[in-house]
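Participant: Spelled out, the chains give:
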Amino acid sequence: MNLNLKPDETFRGDFSTRNSDTAILRFPFPFHDDKYMYAVNLEPHVRGGPTAAYDAIFDLDEHYIGECRDRALTLAEDPLRCQVLPHMIEAEWDTLELLMESLAFDYPEHFTLTKSGTDRHWVNRPLGLDRNFTFGDASSLPLPPFEYITRQVQGDFTLHDQRENTLFMDGGMVTSQADWSLNFDLGMTFHEWHGPVPVAHELGVFDRALAYLMRLPYGKPVRRLNWTLTVHPRLDTSPETYPIWGPDKATITPANVGAHMCLRVELQTLTRLPRSNAILFGIRGYLIRLDELVRVKKWAMRLHRVLRDLHPGIAEYKGTSRYRQTIVDYLGAFDDGSIISPGTGSEQASLREVTTA
Amino acid sequence: MIKSRPLYRPFTLDVSGRAHLVVTDQPELPEMVDLPSVDLEIFTVQTVSSEIEAPVDGNRRAFHAVVDLLAHLPRRLANDKIGLRIYAIGTEAFVWDVHNIARAAGLGSAEIHLTHAGSLRRRVYCAHCKTMSEDVTDNIVLCPGCGASLLVRDHFSRRLAAFMGVKVDAEIPGEIPAAESLYQ
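Residue numbers (the numbering used here), protein chains in the order written: chain W, 1 to 357; chain Z, 1001 to 1184.
To be clear, the hints were calculated from the coordinates, so they are not data collected in a lab. Watch out, some of these pointers could steer you wrong.
No farther apart than 16 Å at their CA atoms in a straight line, the calculated lysine to aspartate or glutamate pairs in the EDC-like style are these [unchecked claim]:
id : chain 1 : residue 1 : chain 2 : residue 2
1  : W       : 298       : W       : 78
2  : W       : 297       : W       : 335
3  : W       : 249       : Z       : 1169
4  : W       : 297       : W       : 77
5  : W       : 220       : W       : 33
6  : Z       : 1130      : W       : 77
7  : W       : 115       : W       : 130
8  : W       : 249       : Z       : 1028
9  : W       : 318       : Z       : 1175
10 : W       : 297       : W       : 316
11 : W       : 297       : W       : 347
12 : Z       : 1130      : W       : 207
13 : Z       : 1003      : W       : 33
14 : W       : 318       : W       : 248
15 : W       : 115       : W       : 137
16 : W       : 249       : Z       : 1175
17 : W       : 298       : W       : 34
18 : W       : 297       : W       : 248
19 : Z       : 1003      : W       : 202
20 : W       : 298       : W       : 248
21 : W       : 249       : W       : 207
Label pairs and their computed distance ranges (CB to CB) [as the list claims (entries may be wrong)]:
id : chain 1 : residue 1 : chain 2 : residue 2 : range
22 : W       : 217       : Z       : 1074      : 40 to 46 Å
23 : Z       : 1050      : W       : 163       : 43 to 49 Å
24 : W       : 211       : Z       : 1017      : 47 to 53 Å
Cβ coordinates follow ideal geometry from the N, Cα and C atoms, glycine included.
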């Protein structure tokens, strides 16, 4: 796959990142229907889906270099964004192996992994890395194995140990999250870290999801989508930096909503790891400005309806109260009220040009 | 209901234990605790700077401060812990500190019993600078680390033995609601 990598993009400060037409068309739009409610919504994570974002096991795109750089900036400011409890060392190696093998398979022009016994040779051409190391020997890598490899992949990752009939969040690389803190949630059980989520507990969503994940077999990863709204294409919307990005939430006006407001979608993958029996949770985030998204007719109409009719508790939890009506008004201009088909695909081979008042 | 907050049980003796250590952050065990007629080792906190008189009962030990007690605990747990049950009675932050020290010393979670007694005051973790505020009784607290006014969220971390605090006026700086005294 040719990624058309952009050499220098920013996701803070001047927010220079933009989505190309290709990136817009491959966006994993999350809404099947005109209404949204929490559901377990897990499906097999096999290559292929409604857009090209589903074509690889761990999806990379044109923003790869910029996102890896943004992660490095965040880690330099706050090293505790990457933490793994000591008993998870086997899961660290599992993660490194899975990510290296997946990237080398899906993107052979960018990544190469050569194996001989426990000797490994890893080449990451976009980031200019060339490393010989010994699998299982942490001293042969410049960083702990989990941190070493997750600095080279887009999206956040958490590691989950399975014991005492639940899953514990016992590690993670979390630099592009929708307002949750790894340092605070580290070591929590499944129900504890989901504690603040409204409505879903009462629907039994978390009980069912946990029961399903406890039986997740090796070799059969699953995926689901989650979403929120973010002002600017900012990756680091963490509690840690809330004083930095919080003020943006009060700046949305009818004039700037299309250019500043982004839909953030997480393509979440859950993979059983072979040696540790832990689960690797991948949270691959995609940001799209509303004025990019409305170039797909169906997505503009559907997002309008979902946000207009969103459950008040969910709207509150997702932090949308300051700008939801402004977004609904903006998107409403693209919605003629006609019936649109179920499903998330764009149903367009190319993008329409859109001019807004 | 705070889903990340544990449910605490009243003090009851775990009869599967061979020895029993009761620790509290108060000068005496709370009256609600119905002491059984077995030998208990009891740690209390007197909060005095002067010398603490040795209690008549050799199995009781008083400490000058909570920190003093917690500092002593790992040494106590380093030896003679086979069949030991530990019971922590006190504020939420204290009982989880005891829990985490006991786990680090090798006790299993079934060997540790936590009873929340006394004040509802909270330890608050500043999400922005990681500083802890102790004994918080209001729902908004000034962080002694970074100076932010923190709204105390109903989200509890057992590992940090603390609730999360986030800047209350992050979106519109200076817009700080009146604090309410919710955690007496």
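Participant: Take the hints in turn and mark each one as holding or not.
Facilitator: So, going through the hints one by one against the coordinates:
no.	hint	in the structure
1	298/W x 78/W	40 Å, violated
2	297/W x 335/W	8 Å, holds
3	249/W x 1169/Z	12 Å, holds
4	297/W x 77/W	40 Å, violated
5	220/W x 33/W	27 Å, violated
6	1130/Z x 77/W	13 Å, holds
7	115/W x 130/W	14 Å, holds
8	249/W x 1028/Z	50 Å, violated
9	318/W x 1175/Z	21 Å, violated
10	297/W x 316/W	27 Å, violated
11	297/W x 347/W	9 Å, holds
12	1130/Z x 207/W	31 Å, violated
13	1003/Z x 33/W	30 Å, violated
14	318/W x 248/W	15 Å, holds
15	115/W x 137/W	15 Å, holds
16	249/W x 1175/Z	14 Å, holds
17	298/W x 34/W	11 Å, holds
18	297/W x 248/W	28 Å, violated
19	1003/Z x 202/W	11 Å, holds
20	298/W x 248/W	28 Å, violated
21	249/W x 207/W	33 Å, violated
22	217/W x 1074/Z: 40 to 46 Å	41 Å, holds
23	1050/Z x 163/W: 43 to 49 Å	47 Å, holds
24	211/W x 1017/Z: 47 to 53 Å	33 Å, violated
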